[in-house]
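Undergrad: Residue numbers (this note's numbering), protein chains in the order written: chain S, 25 to 136; chain F, 0 to 113.
Rather than coming from a laboratory, the hints here were simulated on the basis of the structure. Just so we're clear, the structure is a prediction, and the values are computed from it rather than from any experiment. We put the CB at the ideal spot given by N, CA and C, even for glycine.
Computed cross-link-like contacts, DMTMM-like style, restricted to lysine to aspartate or glutamate with a CA-CA straight-line distance of at most 20 Å:
no.	chain 1	residue 1	chain 2	residue 2
1	S	K136	S	E108
2	S	K103	S	E134
3	S	K74	F	E45
4	F	K64	S	D25
5	S	K48	F	E45
6	F	K42	S	E134
7	S	K98	S	D57
Sample of chain F residues with no beta-carbon within 10 Å of chain S, all distances over it, derived:
no.	residue
8	S6
9	G9
10	Q12
11	T27
12	S29
13	S51
14	S53
15	G54
16	D83
17	T90
18	L108
In case you want the letters, here they are:
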Amino acid sequence: DVVMTQTPPSLSVAIGQSVSISCKSSQSLVYSDGKTYLHWLLQSPGRSPKRLIYQVSNLGSGVPDRFSGTGSQKDFTLKISRVEAEDLGVYYCAQTTHFPYTFGAGTKLELK
Amino acid sequence: EVQLVESGGGLVQPGRSLKLSCAASGFTFSNYGMHWIRQAPTKGLEWVASISPSGGSTYYRDSVKGRFTISRDNAKSTLYLQMDSLRSEDTATYYCATRLFAYWGQGTLVTVSS
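The task is simple: from the sequences and hints, build the whole structure.
TA: Printed below as a string of structure tokens:
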């Protein structure tokens with residue numbers, strides 16, 4: 025199985041601060057079609073997960089452009105510019121290149 | 000507006016069965032692969048199973064293979080998860096999600112306990 029290693033496990037931030045979350049996979053996430061199926065999700069407290077970024081760097085529908093994703097092969101980063109209160113929750117990276125699909129353990133973003 | 004509404008969860012004894020449903024609306028259901036993902040209490044996300052748009056291809060994680068069956072009825076825009084021989088470790092909130100995890104339902108809680 026592809027292991028997704030997310031760091032840090034938690035972040036304490038002030039509103040308006042910028043943060044980055046890292047996600048490293050144990051195998052390349054480039055699929056045979058040349059695309060990389062690495063996605064970022066946010067689970068706000070008590071809510072279902074919501075997709076923020078798909079295929080490394082594509083912004084999901086209705087997602088503010090304060091969110092951005094970069095990376096390739098096995099090394100990926102989610103950046104949040106100017107954190108707002110609604111951004112708090114647990115962030116997950118997920119890969120849908122290889123079965124079984126796997127998720128990172130999550131990064132909890134809290135208010136300082 | 001895309002909507003996914005799961006149902007069918009509840010309390011069930013170990014070894015018994017349960018069938019979850021996910022009613023989809025707001026998109027052409029038959030065009031998209033679908034997934035079931037679960038989340039044990041206070042834990043992270045775990046992929047369970049996926050199905051192709053036609054239903055002709057299915058995929059499972061090893062721990063549910065042979066016990067769970069994913070299926071779909073494109074005429075009813077509904078996704079299913081038949082869960083047999085349930086174990087305590089299957090206790091979780093079960094979510095259905097669309098291709099590339101674009102949309103998620105609200106989840107349905109399955110508790111396996113005697």
